[in-house]
Amino acid sequence: MPHVVIQYTPNIDADMDALCKELLAVLIEQKDEHGKQLYPIGGTRVLAYPAQHYAVADSNRDYAFMYINARIAAGRSPAALAESGDAMLAVVKRRFAELFDKQLIGITLQIDVSPGQVYDAKHSNLHPLFNK
Amino acid sequence: MPHVVIQYTPNIDADMDALCKELLAVLIEQKDEHGKQLYPIGGTRVLAYPAQHYAVADSNRDYAFMYINARIAAGRSPAALAESGDAMLAVVKRRFAELFDKQLIGITLQIDVSPGQVYDAKHSNLHPLFNK
Amino acid sequence: MPHVVIQYTPNIDADMDALCKELLAVLIEQKDEHGKQLYPIGGTRVLAYPAQHYAVADSNRDYAFMYINARIAAGRSPAALAESGDAMLAVVKRRFAELFDKQLIGITLQIDVSPGQVYDAKHSNLHPLFNK
Chain G
102 MPHVVIQYTP NIDADMDALC KELLAVLIEQ KDEHGKQLYP IGGTRVLAYP AQHYAVADSN
162 RDYAFMYINA RIAAGRSPAA LAESGDAMLA VVKRRFAELF DKQLIGITLQ IDVSPGQVYD
222 AKHSNLHPLF NK
Chain X
102 MPHVVIQYTP NIDADMDALC KELLAVLIEQ KDEHGKQLYP IGGTRVLAYP AQHYAVADSN
162 RDYAFMYINA RIAAGRSPAA LAESGDAMLA VVKRRFAELF DKQLIGITLQ IDVSPGQVYD
222 AKHSNLHPLF NK
Chain E
102 MPHVVIQYTP NIDADMDALC KELLAVLIEQ KDEHGKQLYP IGGTRVLAYP AQHYAVADSN
162 RDYAFMYINA RIAAGRSPAA LAESGDAMLA VVKRRFAELF DKQLIGITLQ IDVSPGQVYD
222 AKHSNLHPLF NK
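Chains as they are written, first to last, in the numbering used here: chain G, 102 to 233; chain X, 102 to 233; chain E, 102 to 233.
Among these hints, one or two may not hold up.
Repeated chains share a single entry, so a pair holds when one copy, or any two copies, can fit it.
[What the hints assert, rightly or not] Here are the simulated lysine to aspartate or glutamate pairs, DMTMM-like style, with alpha carbons at most 20 Å apart: (1) K203 - D133; (2) K223 - E123; (3) K194 - D133; (4) K194 - D221; (5) K223 - D159; (6) K122 - D159; (7) K203 - D159; (8) K137 - D118; (9) K203 - D116.
By construction, these hints were calculated from the structure, which means they are not laboratory data.
With the rest of the complex left out, here is chain G (with noise of 0.2 Å):
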């Protein structure tokens, strides 16, 4: 974790590879209230889907959506997950501010800390990667 999924409408021009290398390089620059790494580099990845169908607002006309959702395991305080929050939020705003001013557009990013979670596991070759 972080586990990063991008829903989006496919009506949206914007260099999506780029956008997810972003926001994963903002969140394993974050650091803790100690200066230390806040989540492992091993575990933090970001997914894009476009939607096959899709409809927005009154649907009267083709407005683009993109729902960004980071689902963080529980442990981290509250400032570091406002200020990954408003690292993430950084980028976006960056990256879309010149398509705000051709399209009909809504961005929303929400952090979740792991809900409802009962069972974790993990299996992976990555994090001895970045652990030494």
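Model the placement of chains X and E on the given structure of chain G, informed by the hints.
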């Protein structure tokens, strides 16, 4: 919000664009106890995703499944949320009445009130269109 | 329920249809403390979605990631849920044993007990097939 996501097996022969539009339409028609707009039009969207791979029930036949999840921000009354669910369910039942006679299909519709949410940001030029 | 969704990077060379089927099979085999069927067969499904765009870890190499999430209705014991998680994890570990030697991949498996759920409706002709 509401943020509605439909995850379904691709063996369903339905007009998914029309389903998205109709679910959207009933959501933006919802009123609260005082007759006021229950959901902001500019923040309401429905996104549908056929699965690339799937397995359902005992997987002995090509069963179909459709899962409809609406994520809604906190603050609405239980009665209003139940009415929203009933209104969406009515759309689904009407739309799939004919298909139910021909295909083995399960449909589940659930509403979540933003579980575990710790961060929420909106960046949109849709809201101003509808808040006049 | 269970509603299992697999979100993964498309650079994973695995038989995803077979994985879906096998996860489904172990779920419908689960029993409760009294030896009774833990999950309704007609409501159990696994849906898999390769991401269109993604970024993982430090994104310096083409890392793979697979996130498996099972959403389960409330009412099962913690022990039964843990056993379900362990059974799915065993499938994953066996299936990916060979791949782990060749590819850098992270797999996370989590179970959520319907977080924040306020509305739940089923419309299905699958359940009657299995409730005889």
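Going down the list of hints, with the structure as the test:
In this assembly of identical chains, K203 and D133 lie within 20 Å of each other by CA distance neither inside one copy nor across copies; the values are 38 Å within and 34 Å between. In this homomeric assembly, K223 and E123 come within 20 Å of each other (Cα to Cα) only across copies, at 19 Å, whereas the closest approach inside a single copy is 25 Å. Taking the shortest alpha-carbon separations for K194 and D133, neither the intra-copy value of 24 Å nor the inter-copy value of 33 Å comes in at or below 20 Å. Taking CA atoms no more than 20 Å apart as the test, K194 paired with D221 passes between copies only; the shortest distance there is 14 Å, against 33 Å inside one copy.
Within a single copy, K223 and D159 get their C-alpha atoms only as close as 42 Å, which misses the 20 Å cut-off; across copies the closest is 18 Å, which meets it. In the homo-oligomer, the alpha carbons of K122 and D159 lie at most 20 Å apart only across protomers (9 Å), although the nearest pairing inside one protomer, at 32 Å, exceeds that limit. When the C-alpha separation of K203 and D159 is checked against a cutoff of 20 Å, the pair qualifies only within one copy, where the shortest distance is 19 Å, while the shortest distance between copies is 33 Å. In this assembly of identical chains, K137 and D118 lie within 20 Å of each other by CA distance neither inside one copy nor across copies; the values are 28 Å within and 41 Å between.
In this homomeric assembly, K203 and D116 come within 20 Å of each other (Cα to Cα) only inside a single copy, at 16 Å, whereas the closest approach across copies is 30 Å.
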